[in-house]
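Chemist: So you can see what is in the structure, the chains are spelled out below.
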Amino acid sequence: MRHDIVLVGLNHRTAGVDVRERFALAEHCQPDTWAVPPAEALSEALILSTCNRVELLGVGADSASVRDHLLRSWACARHAEPEDLAPFLYEYKGNEAVRHLFAVASSLDSMVLGEPQILGQLKQAYRRSVESRATGVILNRLLHKAFSVAKRVRTETAVAANAVSISYAAVELARRIFGDMPKHRALLVGAGEMAELAAMHLLQAGIDEIVVVNRTRERAVELARRFHGRAASFEELPARIADADIVITSTGSPEPIIRARDLRAVLKTRKNRPMFFIDIAVPRDIDPDVNGLDNVYLYDIDDLREVVEENLAGRREEAAKAGAILDEEVALFSGWLESLESQPTVVELVRRGERVAEEELARTLKRLGPLDENQRAAITAMAHAIAHKLNHAPIMFLKEDGMAREGAPARVNLVRRVFALDAPPGRHGRGA
Amino acid sequence: MSLADLLAPETSTVLTLVVYALAGAVGLVGMLARRTALRRAACWLAVAAFACQTLLLALGAHASHPDGLTLGAYLQMLAWFVLLCGLGLWARFRQDAPLIFAALLGLILFLMSTPWLDDAVPLPPSLRGPFFALHIGALFLSLGLLALAFAAGALFLFLERRIKSKQRMAGIWQDMPALAVLDKINAICALTAFPLYTLGIVAGLFWARPVFGGTLTGDPKQVVSLLVWLLLAVLFHNRLASGWKGRKPARLAVFIFLLSVFSLVVVNVFMETQHAFLRG
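These protein sequence lines are chains A and B, in that order.
Under the working numbering, the residues of the first sequence are numbered 8 to 439, in order.
Under the working numbering, the residues of the second sequence are numbered 7 to 286, in order.
Quick caveat, the hints were computed from the structure, so don't treat them as lab data.
No residue lacks a Cβ here, since even glycine has one placed at the ideal position from N, Cα and C.
The reader is advised that the hints may include incorrect statements.
For lysine-lysine, the following PhoX-like pairs were computed, each having C-alpha atoms within a straight-line distance of at most 25 Å [to be verified]:
1) A:Lys275 <-> B:Lys227
2) A:Lys190 <-> B:Lys170
3) A:Lys100 <-> A:Lys190
4) A:Lys278 <-> B:Lys254
5) B:Lys254 <-> A:Lys190
6) B:Lys190 <-> A:Lys190
7) A:Lys278 <-> B:Lys227
8) A:Lys130 <-> A:Lys158
9) A:Lys100 <-> A:Lys130
10) A:Lys275 <-> B:Lys254
11) A:Lys328 <-> A:Lys278
12) B:Lys227 <-> B:Lys170
Not the full set, but computed from the structure, chain B residues with beta-carbon under 7 Å of chain A [claimed, not checked]:
13) Ile169
14) Lys172
15) Gly177
16) Leu185
17) Ala186
18) Val187
19) Ala247
20) Gly249
21) Lys251
22) Arg253
23) Arg257
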């Protein structure tokens, strides 16, 4: 029996957010709301619906019927026509579908290359498909393989290494300077989305305390409450800087508010303990000369952007390496699938051999006359051994995963013709 | 194989060298391939190398030349002290890089020791005694500490320059300890090395009086060692009193260790000194 794997879907590259919203199936992948009804054409199905992609994976004997059934079910669930989906769709069949699924699981197809959420989302999608009794031998094996491929890509390449957001890049740098975060304090000067995000990441990294300084006292108090820290007035800034190891600035000041000359005395009182300044403001809040001081490190928004760009480029390089892993794993899975296709023929071949052995044995034993138990057993064993040995070569030929020049269907056809497995029973008679 | 065969300089050296080489090679591959498991394995192999050498020493491998000291044994003892310091730092900071460095340096010292296992410089009975043991023990321990202060300092200078100049941390540099940790390792090593070095020097000076007829003899080794001691004193004082951190102490620690290596390799081997190991 053939097992065609088909994947249809749309993602952030092929469809805008409005289209993704319109065709989302997040509400249609629970057992009681399952969007893909069982059908003869479709033996297994999986729905993956996230904010960046909606994908349907199906298995059946005929890829065209599987595709049509998936699209009809999808459109129907969203009260649309399959044609409405067409402009935004991509479709993959067979090994291409398997490769795409492996790429999605490994986050090689994600908007932010290497982001870790997609694997969790795929696992959840699989769980729901299992709960909806929509999966079978093929998808169970395929999804488990996808999870292990994702793990392999993550451990064997650096596709998920290094921060790809400005705020997180700042925290990663802080770690390179200070190591453990819990013994250090941060100072947030001013407020802005990115600065607040950086402070939030520092908090998650376990920073000891965050002090917030703002020209507006209320805003400082509000932020301090959010970060479980303390608020301080702008006039206290020089004293607060001396206490802080990490300073994030994001004020609207047209002039730098922290200069190298102010910091020399601060460093002395700190006994030269290192300081890391993250200047997210434009125009900059911190004089670039500060980076020239010993034990002081300064990164402004452009520096951080550059770090992120380089990290992204690094991830892209790693994604190319991951491609080789995907190819290898797709070949392995395809070999397994092909062996599944040849399985019925293997069984038939073995049965046929046994039948022929039994028939010939009956005839021979009749001719030989009375034999003792041992002689009988020896002749029976010999007849079955000959049948098994003759079958060994064609069975190995059928199981040659990806080694033979011919594909599995061609090999199955060849063996069936040579051994007349599809011939009417009469033709198997003597000497078959 | 009898115990005496096992403790023969060649056999005990090969045995220990193999474990050192394993630790060094696994550590190096772990660093280059960025495999945490291999780096961890290298640390345990370094523990095994230290245990192996200690066991052989305890059984009497050091006593193969009872009347003197070979340059080979001298270098192997130094390797033991370097590894001891590496293990101490590993226990304290749980950072594998310093221990892998210590294992690699130990391996180099062991390899250097192999041609010099038999040419013992006879030690007159007057030279054997507690002052000699103190002199060698304290100085070797401080040299081991200085080697690790050098490694931490050099790595600090390299990584610090990359962070200051906003270069990307790629490849193996991503697995290196944070700057603050390297500075702390450098500080602990330098601060411990100074009193030990002082003890070693003072023991040496006491010991020199009856043997060489005077405390300060102007021997080249003595001069270089006093210079190292002076620089260590500057580092010690500034670390403690002036709050030196980061680049300055790292540079000085690197320089002090290089001077010590010069003193160890050039002065001991090639110069006319009371500390010579190779006498024709």
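Chemist: If a hint holds in the structure, say so; if it doesn't, say that too.
Modeler: Against the structure, the hints:
1. A:Lys275 <-> B:Lys227: violated (38 Å)
2. A:Lys190 <-> B:Lys170: The given pair, whose Cα atoms are some 22 Å apart, holds under the 25 Å limit.
3. A:Lys100 <-> A:Lys190: Distance ~54 Å between Lys100 (chain A) and Lys190 (chain A) Cα, so the pair is violated.
4. A:Lys278 <-> B:Lys254: Given that 25 Å is the threshold and the Cα spacing comes to 13 Å, the pair holds.
5. B:Lys254 <-> A:Lys190: Cα-Cα ~24 Å, so holds.
6. B:Lys190 <-> A:Lys190: With a Cα-Cα distance of about 14 Å, the restraint between Lys190 (chain B) and Lys190 (chain A) holds, given a limit of 25 Å.
7. A:Lys278 <-> B:Lys227: violated (36 Å)
8. A:Lys130 <-> A:Lys158: Roughly 13 Å separates the two Cα atoms, so the pair holds.
9. A:Lys100 <-> A:Lys130: holds (22 Å)
10. A:Lys275 <-> B:Lys254: Judged against 25 Å, a Cα distance of about 15 Å means the pair holds.
11. A:Lys328 <-> A:Lys278: violated (46 Å)
12. B:Lys227 <-> B:Lys170: violated (39 Å)
13. Ile169: Since chain A brings a Cβ to about 6 Å from Ile169 (chain B), closer than 7 Å, the hint holds.
14. Lys172: Check passed: Cβ of Lys172 (chain B) comes within 5 Å of chain A, closer than 7 Å.
15. Gly177: Since the shortest Cβ distance to chain A is 9 Å, the answer is violated.
16. Leu185: holds (5 Å)
17. Ala186: holds (5 Å)
18. Val187: holds (5 Å)
19. Ala247: Status violated, d = 10 Å.
20. Gly249: holds (3 Å)
21. Lys251: holds (4 Å)
22. Arg253: holds (5 Å)
23. Arg257: Violated, about 11 Å.
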